[in-house]
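Chemist: The lines below spell out each chain.
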Amino acid sequence: MGFILVQILTGLSSAASLFLVAAGLSLIFGVTRVVNFAHGSFYMLGAYIGLTLVAVFGDLFGRGHLAFWSALLCAALIVGAIGALVEIVILRRIYRSPELFQLVATFGVILVIQDLTLWGWGPQDLLGPRAPDLRGAIMIMGEPLPRYDLVLIAAGPVVLLLFWLLLNKTRFGILVRAATADREMVGALGVNQAWLFTGVFFLGSFLAGLGGALQLPKGGANLLMDFGVLAAAFVVVVVGGMGSIAGAFLAAVLIGQLQAFGVLFVPQSTLVMMFLVMAVVLVVRPFGLLGRPELVGQGRQMLDDPLRPTGWRFKILALVLVALLVAAPLWLGDYGLVLLIDILILALFATALHAIIGPGGLVSFGHAAYFGGGAYAAALLVKYAGTPMSLNLVLAPPAAALLALAIGWFCVRLSGVYFAMLTLAFAQIVWSVVFQWGTVTGGDDGLLGIWPAPWASDRVAYYWLVLACCTAGILALRHGLHSPFGYALRAGRDSPLRAEAIGIDVRRQQWVAFTLSGAFAGLAGGLYAYAKGSVFPNEMAIARSFDGIIMVFFGGVQQLSGPLAGAAALTWLKDLLFRLEMWRLLLGLAVIAVVLLFPQGLAGFLKARFGRFVGIRPELSS
Amino acid sequence: MTTRRQVTAGMPRLAAIAALLFTTGSLAAEPIKIGDINSYTRMAQHTEHAKRGMQLAIDEINADGGINGRVLELISRDDAGEPGEAIRVAEELVSREGVDILTGTTLSNIGLAVASFAAQNKVLYLAAEPLADAVTLQSGNRYTFRLRPSTYMQAAMLAELAAENPARRWATIAPNYAYGQEAVAAFKAIMSEKRPDIEWVGEQWPALFAIDAGAEVLALSAAEPDAIFNVTFAADLAKFVREGGDRGLFEDTFVVSLLTGEPEYIDPLEDEAPEGWLVTGYPWDKIEDPAYVEWLDRYQAAYDDYPRIGSIVGYNSMLALGAALEKTGGDTDPEKLVEAMRGLEFETPQGVLTFRPSDHQASLGAWVGYTTVEDGQGTMRDWYYAPGEKYLPPEEMVAKLRPASD
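Chain order of the listed sequences is A and B.
Be aware that the first sequence starts at 110, since it is given in my numbering, and climbs by one per residue.
Be aware that the second sequence starts at 243, since it is given in my numbering, and climbs by one per residue.
Chain A on its own, in the form it takes in the complex (with noise of 0.2 Å):
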């Protein structure tokens, strides 16, 4: 009974940092509509500076109640004016944007604060200090239980009543409210939307940053923290529904109970767990257990103007580009080749995620299960069946396919965040599986010798292998997306209710456009494989993700060429910046500049300066 009775407890106080970092994540969202990927960087600062400010005040008043908990709140104080700064310096100039947009700048956000942290406070793993007169436990029915554990128990509840008191008690709570519930209107009543963003990200990352300093008596601060919580932080939004600060709180509860009692019943199952009581309540509650549906129109759209048939003389600049990639043996060193496989490989993957964006509307953030589920394929093929490369690479697409067949039928009746919430979701499932189910799939040690058929062992016949692949995988998508098939999706996305009406189904669109887009970003894995002679977990895990989304966005969400011009953007700029010290610095703020430099990305860019030359018109949106 005591043993239950503190495992519950115990359950609550591990709740709390994850409640508090993502109470401020589900108000930076319900407010501004950012998903702000920052929030987890913002966490690990607020760890790194109260960590400092105990020391320093420690040392100037005496290392008492006073010292070590104005140092918390002061901690947290200067991570909510950091996250004010980044909306002030960054987000405010593209609210008008796509969604996309802000995601990927807070995305060069963590990069920069990555160094910027690693510069700082030294690379070493610090421990955190103990609050004073809270060390060791008290007993509770005859088992321990740490002192320290019931001011996390009760922080949780204490932080959603003063929530609860400022949201409705006050006519900022008033405004933040109206802006979640309608945005548009607010802002058309008057209100200065500005300062009312500001103050809601200086709240939220105030929050974040509370919630890693008062896990310091726990553990500590270390710099791998920030992508640690932010997987976490999200699932407990998702599943708490979008916005709503109660349901954050519900959700932390639940997930906090269901790790304490799943490490003892089922202890291998600790990673898989929290992803899979996300992906079931979204099934059954898809706007979370608290959340309200998206409303109509609140998301902004991406405006496009229609496709329109290629011009000749596109099409002869294009024929260029072939013959001089056919040619770059003679005229591109050996390791210039290695990054042209690099990128080709990468563009194909990059021009499936942007069908499923652009054209379909449907942000994924998971779409490396298919790319790692093609690599997987052809690898668990070798592996098992002794198959011929050929045969693999041929196979390795339908595999895709199935595994987003499968999880798009679930993904396809959200949209909008939600979306891509799930897709992430399931993306970390099949990741958790792949990376924990050791004695099939190696686990993260991966699996090995997976080298070219002799006949494509050559460095420059597996090259023209991937150029033949990609550039026929690149010509087919883009050629279903000018087929009445990609004007119907395009119909669902532009005005899914419209659409409904003309007799499209707008669902099943989206379905088949999912699971093609999974086809192919597994060829694209199947190749990747092959070119890196290995496969490991990294393929399917978050940060290959966020890569296809970057080179989408980097290329431009509206240029079907953008992708191509995405990935070996991305591809260069790593390769030229991984040989300095501080590339992710340099990275995050390349991404921050492309972002505000160049919305429409390089390829909308090159577009509007250039287009007339090869017979496109520029852009009369955006």
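Bear in mind the hints are in silico, worked out from the structure with no lab data behind them.
The model shown is predicted, which means the values in this text are computed figures rather than measured ones.
All C-beta atoms in this analysis are idealised placements derived from N, C-alpha and C, irrespective of residue type, glycine included.
Keep in mind that the hints are not guaranteed to be accurate.
If you want the ones that stay clear, here's a sample from chain B, every Cβ over 10 Å from chain A, calculated [said to hold, decoys possible]:
#	residue
1	Lys-275
2	Ala-305
3	Gly-311
4	Ala-431
5	Pro-438
6	Thr-495
7	Phe-496
8	Glu-536
9	Lys-578
10	Gly-585
11	Leu-586
12	Asp-617
13	Lys-632
14	Pro-636
15	Lys-642
Quick list of in silico lysine to any residue cross-link-like pairs, SDA-like style, CA-CA up to 25 Å [stated by the list, open to error]:
#	chain 1	residue 1	chain 2	residue 2
16	A	Lys-492	B	Asn-383
17	A	Lys-492	B	Val-640
18	B	Lys-578	B	Glu-315
What the simulated footprint calls covered on chain B by chain A, stretch by stretch (three residues with Cβ under 8 Å from a Cβ of chain A suffice, anywhere in the stretch; the number is not a length) [said to hold, decoys possible]:
#	stretch
19	284–290
20	346–359
21	413–425
22	478–488
With chain A held as given, fit chain B onto it using these hints.
Modeler: Frame of chain A; chain B shown alone:
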């Protein structure tokens, strides 16, 4: 991270040039390039020190006149903790920079990926840090050698003393990924062989760097073990130690813990480092061997910081490569280098080490002892150096697991 500028910067460069002028009378000799791939951003707390160790050795070898009048040049690259990136970087180092040898690598999966690349492209690869047994066993190949004692070897070192403890009910806790699973499997196998009476009463598998420490500690204490084998490390370890301490898990429980005595892991625990855990590690300030002390002085003079386990591994990896190059007379042909590396004997601050020809595993050992706190800082007591050659996987095991390749 370093580029070539830094590599040859500072006083040692002048010394190297002077030495070259006198020994060969020529500056035209091409440097011998060594490519170092490491997780400089993902695992900064390790790799920074490995880098210092490598650089110190390179500077010393060059100050001594290099190899046959050619200086060694270290070219370092970050792999961002991604095996796919590591392969791209390896391609870049080999085809653009023209390196003759690959080395470095910290994470096991990256070590395995680069090993596979080395075999396919016939390049010598010295895996300095990765622990996975597969690097030299299941995925072992002609071109891959490994310096640091593997998971199996470290588990065997611990099992020797652990088996003498009367504890009969054992529980394990390890991060749920390949390294954790491998370590638990190896430790269990060796212990059960030495002590058939042992009962394994519980296994906990927290997710790597996402431990829910309170719940894990409760689950462990529910199994009522006499002894615990721990494989968690870094941030997970700090949380486990705190929760376990607060909840009294470690009172009257014998704990055996892999790697916990390494400065990388015990130093962040400060005065909360556990007392009396049996660990592998590196008591850097207590070793009194003259060769070691002299090295320690040189290291601290060069960097104004104390060495970590990464420093030793990095330093010795360059000594090994230097000795192999010396043996081939500066010839960088990979086949000749492989032959030179097999059974190569090289002098290090830890004595003369060698690479066993049958599995390419070096005989570098580890320090085994008990954790304690001195002057508010975690350290080791009653420790001894466990020489690697005593704990190498048995030859039958190598013959069974390692694919035939010459």
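Chemist: Are there hints from earlier that the structure breaks, and if so, what are their numbers?
Modeler: none
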